[in-house]
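Given chain W, work out where chain L should sit, using these hints.
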Amino acid sequence: MSLRVLNPNAEVLNKSAALHMNINAAKGLQDVLRTNLGPKGTIKMLVGGAGDIKLTKDGNTLLKEMQIQNPTAIMIARTAVAQDETSGDGTTSTVLFIGELMKQSERYIDEGMHPRVLVDGFEIAKRATLEFLEKFKTPAVMGDVPDKEILKMVARTTLRTKLYEALADQLTDIVVNAVLCIRKPDEPIDLFMVEIMHMRHKFDVDTRLVEGLVLDHGSRHPDMKRRAENCYILTCNVSLEYEKSEINAGFFYSNAEQREKMVAAERRQVDERVKKIIELKNKVCSGNDNNFVIINQKGIDPPSLDLLARAGIIALRRAKRRNMERLVLACGGEAVNSVDDLTKDCLGWAGLVYEHILGEEKYTFVENVKNPLSCTILIKGPNDHTIAQIKDAVRDGLRSVKNTIEDEAVVLGAGAFEVAARQHLVNNVKKTVQGRAQLGVEAFADALLVVPKTLAENSGLDTQDVIIALTGEHDRGNIVGLNHHTGEPIDPNMEGIFDNYSVKRQIINSGPVIASQLLLVDEVIRAGRNMRKPS
Amino acid sequence: MRELVTIQVGTFANYVGSHFWNFQDELLGLTEVPDGDPIYKNSPLDMDVLYRAGETQQGIPTYCPRLISINFQGSLGSLGLSGSLYEDISLSDPTDILTWTGNVSRCMAEPHKKNLFLQSLSAEEHEILDVSEDDSGEVMSSSQRQVQDKGRIECLETDVKFWTDFSKVQYHPRSLYELHSSWMDIQKFDDYGIGKDVLSGSLQLEEMNERLRFFIEECDHIQGIQFVVDDSGGFSSVAAEVLENIEDEYTNTPVLLYAVRDPGAYTYATNQKSSIGRSLHDAVSFSRLSSFCNLMIPVGLPSLRSGLSPLLHVDDKKLFHSSAVYAASIHSISIPFRMEIPGPAANSTCTSGAMDVGEIVHTLAGQSRQNLVTVLDVAMPPPSLTDEHNQGSILRNLHPLTPEIRKDDDDLLAVESLVVHGALYSGDHRATVSQVKDSVRVAYQTAPAKPMFSRLSVALCPLPIPLPFPSIFGRNVGRHGELVFNSVQGARSRGSLEIESIPMAARLRSSTAIMPFVEKRLGDLRKHGIARGAPGAELLRTWGFGRDEVQDMGEHLSKLLMGFDPHSQTTSDSD
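Which chain is which? The protein sequence lines are W and L, in order. Once you know that position 314 of the first sequence is 314 in the numbering used here, the rest is easy, because the numbers rise by one and skip nothing. Quick note, the numbering used here runs 535 ahead of the 1-based positions in the second sequence.
Pulled out of the complex, with its shape left as it was, chain W reads as follows:
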């Protein structure tokens, strides 16, 4: 072992010890996350050293908050977080599944089975399960007008695992409408076009969808209107402030007069830009009582604001870069980078623009727009951690709707898929496998049951009763999931419980890969500063 020669202090764990270290780490992580799962799970409140509160029921958020030291656990956590990044959900399920695969394997390995054989079985079972998923999924045709009901059911299933029922149901409509709002036919959905804005104000149930845009700043001039109807919107990225050009250009002046002249010339340029905008305003607003609003990505200094205010224009400066795109999608028109050649066609339109002030925070609402292709979910809550938790849930909800539209399929939830897949593996697939790899298939099949088992456990039900009831009902030819109130089998189709197809697919795909890597470890060498702490 070259490494041992290089570093005699390195600590080497032999094969069996290494394997058990991996298994224990996977089980440990599973234990932390298992109470999260499902609509009866436990929410976690994390209180930091200075009293900062974080609230989460999301496996992904929780994993990121944890200070994980164990390398095996980090490996699992990375996989689970990657799962969230690609498909938006399923972190908890991934961790549970990997943990359960390791747990099932432990039984066989302790009986003297070689991990290699198990891994072969996993591979067969994985392929069979993915094939089975293709047959099992419920296709959902997403033509020009998507089936709103199915989208709602998927979103509701996700949201109810993060928020209490009434709030989840309220947000269901919001996220579905938000995604449908920004969806363009034949283009991938860009969820960034849904702005998520929050206000620390009132109650969580005031959260709503604004068809239009909410900006987190207001005009900076006392004479500008706080509310205007029938507004032309000019979205631009043009500097309307006097900047000292000498900073970047190596320009010299030899006396004060020259300098004054240069300053005046600079100022004139800015004023001219402002005048061009005012000209356009006068052109489009003369003879009617329409209003004119500028939303600028660059700065606008007080002299320019003055000129604009006197012309009756509302001006906002330093808008978010992304809002340039959103504004055009919401209001129409185009984002201009120069005030030359301004025409009416550059302008967007909003029926109502108004400002809302909360202490030092200002919000500008741009509403009543025609055919919005961008919108804002406005989250309200009494404190930051409540807002943050709702925000996380909204993000997950949006992802689930997007996934459904892109997958054009959903999978029955409440553990129905896992039970069906397990029975399929045990009753059909196992027979076709030669030799000991059968046991690998069996371990995989039993590991799938971790989802219904944990759901039952979190609902305070007896897991064994539940599994017997579910598999029994399944063998009678019915597709059933778990009713988390009663523990009775239910038809998830009737209850409207659906999961994302792509999320499930990825869990089945990535879980066994990581489990196999952890099982096939030969030895673990630990070196470096943090070796074993003297106890």
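Hints listed in this document are in silico derivations from the structure and should not be mistaken for laboratory results. A portion of the hints provided could be inaccurate.
Claimed, not checked - Within a straight-line C-alpha distance of at most 20 Å, the following computed EDC-like cross-link-like pairs (lysine to aspartate or glutamate) qualify:
1) K696(L) <-> E645(L)
2) K298(W) <-> D755(L)
3) K64(W) <-> D392(W)
4) K126(W) <-> D446(W)
5) K298(W) <-> E779(L)
6) K380(W) <-> E622(L)
All values reported here derive from a predicted model rather than from experimental measurement.
Positioned in the frame of chain W, the structure of chain L alone reads:
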């Protein structure tokens, strides 16, 4: 108004920042003392340059630093992430969970205990509320107070774990940003690549940029951004990403960049591999950072104990100590940015030489050489103008805080900007603005090597020493920063109890003195990164730099050097 936005990135940068804001807070406090020193009361320094006025949701006015501080998760100690200023006590208990009706499990981290100093701060806050109602109540005797202060100072000397431990400033809830670094060993956050990893694929950069936008949107005439970065580790690349965004979004806003590092950053490099890693990190981070700013000031000596003035007793092991020196210097450099710009005729008796960030950049980096890397020198405290103790002039007492520079530099094309504030004439008598001006003029005339161009800013207001300032002054420093050579009594080192304020002189110098600093980085980059079969090429690749990018960095560095010597252009390309 000419607003300045401050950004602090990294551990040591926040230590420096904490002292910096303590000075500002002290200045603000001194203007409010009813019968205080008129020098503070009538100070023409405009604090609105650094501070913003705001209002809580309940309509209570606030006055907070216009600041973004970026650091690790968990580096705030006992200070809450959003501060206490905007907390709404009237609302329901924050531990009520409104979004979930099911089970709840609470995980509490062990609370960070507030040290004696912070405890007394929060006690004072309550006290102010009580005292205002009843003035006749028992007033603590001065001796009692002194005993108490002594305890507070001692607790800071022995036990500062976080930069918040000695901070007396209240921050805006958007000021403090924690970088989430999932499952990473903070000890290993020591090279350019790892900082990049932490930011990649997350929305954290966008969040930081959003916070900056919040502060800049309120500014009517932003004069610049004052950026302090701890460039000894992964925070360089975090800073570079933030700076890159600044360049895109706020193109004409000048950035003044202080790259600070603590003495401890020079200690490790146990084997050859890590020493190559270190020098490549230094080269890469210097090249990247300098390409995104208008003026760069690298500071951070390997030792402040031996390298700096004999008047200071700095314990190099304590970040609390070393950061105080840098903070004082940054404070002095920022004085001219806050002076009121006089009308053409006015001649202020309190200040002279106002300028904004743009002007200082133009003065130092805009001249023929276009050199944007400058040396920071400081005299803390400088001797009195009459030079009673034969210490020499202010100029002779300036000591560089920038490492790896040429010591005996007699560059005839140097450009300097000197700030002197609170200077003493003799004993503890303050000098007037014109006295300082005259004295500096004379000093320059008699100096052996004169710079090509020099700019002087003078203010009357000295550097006030706040209570949580470390005891780093020698026993030769008097109550107002005057030099006392006959005293034998007193403690080994003196701090805020013995010293009220000190005069300061600080100088930015754009000269050939910086050349070894740049040359070393260029040399390291060529040797370890660019040359054929260079040992660090693989490392740079893991940091995400392709060969072309590394070569670009090398070119950028040699361009910096070329400014000093236009003739070298033809020869500098050979490896």
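Structure-based check of each hint:
Under the criterion of a C-alpha separation no larger than 20 Å, the hint pairing K696(L) with E645(L) is consistent with the structure, at around 15 Å. A distance of roughly 12 Å separates the Cα atoms of K298(W) and D755(L); the hinted pair therefore holds under the 20 Å criterion. With a C-alpha separation of about 13 Å, the suggested pairing of K64(W) with D392(W) holds against the 20 Å cut-off. With a C-alpha separation of about 13 Å, the suggested pair K126(W) and D446(W) falls inside the 20 Å cut-off, and the hint holds.
The suggested pairing of K298(W) with E779(L) holds, with an alpha-carbon distance near 16 Å, which does not exceed 20 Å. Only pairs whose Cα atoms come within 20 Å are accepted, and K380(W) paired with E622(L) is accepted, the gap being roughly 17 Å.
Of the hints listed earlier, there is not a single one the structure fails to meet.
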